[in-house]
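Colleague: Take the sequences, apply the hints, and build the full model.
Chains A and B supply the protein sequences, listed in that same order. First residue of the first sequence: 1, per the numbering used here; consecutive thereafter. First residue of the second sequence: 1, per the numbering used here; consecutive thereafter.
No wet-lab data here; the hints were simulated from the structure. Incorrect hints may appear among the rest.
[Claimed, not checked] Have a look at the derived ranges for each label pair, beta carbon to beta carbon:
1) B:T51 x A:L79: 33 to 39 Å
2) B:T55 x A:T5: 32 to 38 Å
3) A:T5 x B:I60: 31 to 37 Å
All C-beta atoms in this analysis are idealised placements derived from N, C-alpha and C, irrespective of residue type, glycine included.
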Amino acid sequence: NAGVTQTPKFQVLKTGQSMTLQCAQDMNHEYMSWYRQDPGMGLRLIHYSVGAGITDQGEVPNGYNVSRSTTEDFPLRLLSAAPSQTSVYFCASSLAPNYEQYFGPGTRLTVT
Amino acid sequence: AQSVTQLDSHVSVSEGTPVLLRCNYSSSYSPSLFWYVQHPNKGLQLLLKYTSAATLVKGINGFEAEFKKSETSFHLTKPSAHMSDAAEYFCVVSDTGNQFYFGTGTSLTVIP
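Modeller: Below, the structure is given as structure tokens:
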């Protein structure tokens, strides 16, 4: 099992550009989520999904879109990048809410 | 509403001495509580979790935590620190909903 994989590992964007952060898991987990990690703020939930076709907003959803067309994949889209979105992004999955989450290695995004 | 407070942003201990990382939570429901560890430039790994079974929870690498409902605390302890324990530690709470709330983290330094 590869677990939770994320691509790319690093990305630099200019303000206004769009991109998609990829996340995939091979553990047949229903629950997937995206977090951003900023210094001194811990991890904050952006969006989550409890199964294919179902997504919902977390604590900091503005500026991000998600979709869940398959159980395995949960991409995060930045429609118009802003410097405030400079952060490390983590994808996670678990069997169900309240279960242990398995985290990907992260994507370090810089927006200039 | 839920929240997590990690009472110390930095903790330094000497190798071989006990570790105490403090966490207080607030939750409207019976919470699930977790401790995760993040080593430098790595993803997050589950140390232990409390899900309404035994109040003293044992985790990996000699860590344990005690759930105290009356004090709304879930402090993480280890009897003897090892150099490899140097990392960032996150306390996490989740209720019967679908969201996880992270504390802001405690950076543990182990002095040789």
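Colleague: If you check each hint against the structure, which ones fail?
Modeller: Number 3 only.
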